[in-house]
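S.K.: One letter stands for each residue in the lines below.
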Amino acid sequence: MKPSLFEYVAPASLDAAIDALTNYDSSAVLAGGQSLIPTLNFRLGTPDAIVDIGQVVGLSGIDFVDSQIKIGAMVRQRQVELDERIHKANPLLREALHYVAHIPIRNRGTIVGSLAHADAAAELPAVLLVTGGAVEVAGAKGVRLISAEDLFRFHLTTTVRSDEIITAAYFPELSPNSGWAIDEVCRRRGDYAVAGVCVLLSLDGDGTCASAKLTAFGIGTRAVRLNIVEQKLIGSRLDAQTLADAGKAAADCVEVVDDTQTSGVYRLHVLAALVARTVKRAASRARR
Amino acid sequence: MSTQTFGEPVRRNANPRLLRGEGAYVDDISLPGALHAAFLRSPFARARIKTIDIEEARAHPGVVKIYTCDNIGTLDNELPLLVPHPSLTGARTQRPLARDDVFHVGQAVAMVVAVDRYVAEDVLRLIDIDYDPLPVTPDLEAAASPGSHLVHSEVPGNVAAEFEQRSGDPDTAFVQAEHITKIRVRIERSTAAPLECRSVAARHDGVTGELTVWDGTQAPISIRGGLAALFDIDEDKVRVIAPDVGGGFGQKVMLFYPDEVLVPYAAIELGRPVKYIEDRQENFLSSNQERAQIHELELAATKEGEVLGLRDSFLHDTGAFIPYGIAVAQVASTSIAGPYRIPNIWIKFKAIYTPTVPVSPYRGCGRPQACFAIERAMDKLADELELDRLAVRRRNMITPDEFPYEREGLLFADGLPVRYDSGEYIGALDKITETVDLDAFRSEQRAARTRGKYLGLGLACYVEGTGIGPYEGGQIRVHPNTGKVYVNTGLAAQGQGHETAFAQIVADQLGVPVADVIVVEGDTQAYDWGVATFASRAAVVSGNAIYKTAVAVREQLLKRAAEMLEAAPLDLELIDGKARLKGMPERSVTLAEIATLANPLRYGFSEASKSATQFAKRAKHDGPALGEGEHPGIQAQDYYSPPCATWAYGIHAAVVEVDPEFCTVRFLRYICLHDCGRMINPAIVEGQIRGGVAQGIGGALYERVEFDEEGNPRNANFMDFLMPYATEVPEIEIVHFETPSPLNPLGVKGVGEAGVIAVAATVVSAIEDALKPFGIGRLLEVPLSPSSLHAALTDAEAYKDQYARET
Amino acid sequence: MNNRRPTASMPRSTDPTREINLTVNGEPISWTVSTRMLLSDFLRHELGLTGTHVGCEHGVCGCCTVIIDGWSGRSCLTLAVQMDGADIRTVEGLAASDGTLHLLQQAFHEHHALQCGFCTPGFLMALVNYLERTADPDLSEQSIREILSGNLCRCTGYQNIVAAVRQAAALMAKKT
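Residue numbers (the numbering used here), protein chains in the order written: chain A, 59 to 346; chain B, 6 to 812; chain C, -4 to 171.
So that you can see chain A by itself, here it is in the shape it has in the complex (with noise of 0.2 Å):
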């Protein structure tokens, strides 16, 4: 299984990398490598031109800005798995990273490769989407964000255009009340998700929910927004009653199907437990 030819293009710069997209009809980023060459390897993808995005200057950096963080889009995952720093500004990331895939590679893998990738089933897009995230984009005709929200379309499907490169990604810092966490099910360590749930919330000092969001992955096209729980949650002291209701709501906020491996039904029975789960973690973490 080898690459079909292309032309290899390792500008030094920006300008020069987005140049070199839209010279060719078909190009293709490339970054860490984890999901594009498996691609160019079965030759699902043949793209006329590589765009090595590894020698660019300036997309190697990790800063803190306006309480975001911002990670450049050569920043390894496992960089940012052992940053401390980004672990005490937003710790769902190192727990979300804990799942993806395995150590060799997070090691070569980047942060915005895997939101560019925008596998249905990874954890990274969730996160981003919880935590209202964005990326920044830079095209021939400039530089713009688009919000987690406007990012995922579909399946392996974003809204960046063809000439456009994801330069950063920006994650929120969390505030240190937050309550989080992710959790999902999969057939094996390290696999794509069966499904998985992000939550992120806040509590009143007395308790109540105040703030609520959360996100599902591996269940559908996309990562989603489980609004219909949120709403269930907020308000609510999260007693086990609340969390098996707003657990079964899951099911209307999401599309499934069927696959060979899974059934819908037992996708969203599988949604409904991590809901309660996690939402029971995310408040023990909380602070009132």
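None of these hints come from the bench; they were simulated from the model. Hints are not guaranteed to be accurate.
As the list claims (entries may be wrong) - Partner residues aside, some chain A positions facing chain C, computed with beta carbon under 10 Å:
hint, residue
1, 94
2, 159
3, 248
Said to hold, decoys possible - Here are some chain C residues pointing at chain B (derived, C-beta under 10 Å):
hint, residue
4, 39
5, 47
6, 48
7, 54
8, 89
9, 97
10, 103
11, 104
12, 134
13, 136
14, 144
15, 150
16, 153
The C-beta atom is built at its ideal place from N, Cα and C for all residues, glycine as well.
Place chains B and C on chain A using the hints.
M.R.: For chains B and C alone, kept in the frame of chain A given last:
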């Protein structure tokens, strides 16, 4: 050092070089100037080939030749039917390159030979084939039903073979039965998936006419014979080498895969070495698979649970072709009654064509399926009669005084009657029950239930006919320079540690360190009598052949040494690489000296060799230097041909926790009790068992090769075909029983497949036990995924009450 | 079949190429490679370092794992051209120059942690990197199995590998 190494966990000779990355697998072998092959494979499960256009492909600057059925000469024929049998009324094997028709997605249609694999894959895409797709019925049961689409139009009902066997009088047993238990089980298809894919390289020497083939095969000698016949070359001009091989598990014993004949063909024709290294996707598309069977089994029993009769009718999925004959189904048939008496048996199978990858043995070779069927049936019988499932097993187990226990009317894979020779089945059951600590488990299970946790215990028994013939050979030579001992046999290894286990046998006989015994196998130029590595036979057949040979070499050494030391052979012992006088160790000669002197020389080309020249004192003789019937040097050859299979057995037990919410399974304990007779090297034995159990867990919970309704493979990659990682396999406790085989001098039985056979039955039995409080029905299919477990649970009332969620 | 001489001139690859400069097992290498060549093929067939094995070419089995710029990674998911300026360690660089096995290799040997040996180099490189980088590794059964979970083995059932890691990790911790 006088300690015997037989039975010791000696560290493997092969390890250091493999650990250093100095293994030489086929693709590691440097062949300067080699060309690389790639295959164009059918995208349809069943189609007519209308046209093949290679013009554009041929023009590519990187290509040397493109082969189709039209330019491979006499190779354009159906490949051999390896294991013929009278029941094979509809036998079809594949052609190296398809002609007119394709019969499964992945079947080879064209071979491109090019400068490298990258370019070869480019060229594949330039070949234009016009197919006329035909309708298919990929599902096993549907393929066997009336109205199904035929894979081979001349084979009615897709029945490649139908075979019925009978032992005793099952009809009467069923008429007289006080209780009949019926069960239907389904085992899904899996694949061996060795980490090294298949590989073959060939070089033809234009001057000498010698063809050398490196093949990651389990059967180099058989491949050599086949190639010599196919290409009409003298056998001594064909050399097949199985170098280091990265796992086989049965998949690499099938011959021929198309590439195994086409690559040598191209090497001969093109006058350059040619290499083909299968990739993982191809391994899923075209290297043989196994396991899919559906059994409808009935047990006729007394109310006390004594099983008097068994009837089983099963469908066996053979894929699109049946080159390996009915071996898998035959082994399943003859293993069906396990360790139980069951004196009356009727078993019938139909080997059914489906438009999918062909089927040939994968570790276990039908035994896992048979074990799953009988063990699920025994559990069900016990439940229906309200008896303890262990008690039912004990009641039916063959006792030691009943050996040899023959199942007249059932013929094993070697064509000989099924005859169990030895074992301690009830003793094993007692021992494993004790190891599990049944009472403690039951309390723990009860306590856990009160906390909403569900623990279960599963257990399953298996028997395994091992060590079949026809024969294997041994060749041993003591080297005159170093005194090292060179050993050959006709098998090849794919990780089983032959280099060490066989060395131990020889080391013990000749009194040399294991590290000084060099075992070379897998090269037909080094030695070429024998069959192959399969069916758990290496230790039994090659082991005993090597043992017999070593005994002969020992005698030669002692006889020669006796002459040299002017003593009687009985007064000598072989220790530490020397022959020495018992009680007077300073009077000794080394093996090197003995071997040197045993070869009368004219020329003293080294200090040591001078002692063997005609005027040297020790070498002086009257008359001929070599007497009638004598041979030079210290060397011997011998063979071992087993009288029949020798039957190993074992019992597995598992304690699991099932999460009823997520329907996931966690292992708390996995215990494997096994008996393979005497063990040459317990570390190697345990390694084989643990590897087998891991594959068994794969088959129980994860592994399923899937095809869609059009016969397209759905999960031909490692992301979607799930093999267990270290996190999915538990610690495996092993209990050894050693009932020596009465059938061979070493008392050994095979163990290569032991680990895998009982796992599915054990695991499913445990899950069922865990979920009993929910009134879960019987679990009858493997692999059992969380999703399918959930489906089974949602049918149970008690589960609905507790865990129902509106959807 | 008749004895034959080659019947056609050696075909050529017309792949675009690039020069790369990198270090492999401490040795500086300057090479011209096809831009689509995978690092796994480069190491094996260009440099003759065949200890790194190829099991799947989609990053799952781990057989091809090497260490790139101090971090383990799948050589089948890396283009050789990406390695310009990189420092690579393969299994061939693990034992000492006098042939003494690395602690981890020795542990594998003692614990019978390999059978066919095909997956072994991948395990070794992933583990060496993890153990070198992790000051105080959790050596519980579960934790070790998690570390191993990126590599497939079809022969051993993993148990002896777990035991080997436990031994090697303890020894490596002592050395630092």
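S.K.: Run every hint past the structure and note whether it holds.
M.R.: Each hint tested on the structure:
1. A cut of 10 Å between beta carbons decides the hint on residue 94 of chain A: the least distance to chain C is about 9 Å, and the hint holds.
2. Hint status for residue 159 of chain A relative to chain C: holds, with the closest Cβ pair at about 8 Å, below 10 Å.
3. A cut of 10 Å between beta carbons decides the hint on residue 248 of chain A: the least distance to chain C is about 6 Å, and the hint holds.
4. Interface hint status for residue 39 of chain C: upheld, as the beta-carbon distance to the closest one in chain B is roughly 7 Å, under 10 Å.
5. Interface restraint check: residue 47 of chain C against chain B, minimum CB-CB distance 7 Å, threshold 10 Å, status holds.
6. Evaluation of the residue 48 of chain C hint against chain B yields a held restraint, the C-beta minimum of about 7 Å falling below 10 Å.
7. The criterion of a C-beta within 10 Å of any C-beta in chain B is met by residue 54 of chain C, whose closest approach is roughly 9 Å, and the hint holds.
8. A least Cβ separation of about 7 Å between residue 89 of chain C and chain B falls short of the 10 Å threshold, and the interface hint therefore holds.
9. A cut of 10 Å between beta carbons decides the hint on residue 97 of chain C: the least distance to chain B is about 8 Å, and the hint holds.
10. Using the Cβ-Cβ criterion of 10 Å, the hint placing residue 103 of chain C at the interface with chain B is satisfied: the shortest such distance is roughly 6 Å.
11. The interface hint given for residue 104 of chain C holds, since its Cβ lies 4 Å from the closest Cβ of chain B, which is under the 10 Å cut-off.
12. Against a cut-off of 10 Å between C-beta atoms, the interface hint on residue 134 of chain C is violated, since the closest Cβ of chain B lies about 14 Å away.
13. Interface hint status for residue 136 of chain C: upheld, as the beta-carbon distance to the closest one in chain B is roughly 7 Å, under 10 Å.
14. A least Cβ separation of about 4 Å between residue 144 of chain C and chain B falls short of the 10 Å threshold, and the interface hint therefore holds.
15. A cut of 10 Å between beta carbons decides the hint on residue 150 of chain C: the least distance to chain B is about 5 Å, and the hint holds.
16. Checking residue 153 of chain C against chain B: minimum C-beta separation of about 4 Å stays under 10 Å; hint holds.
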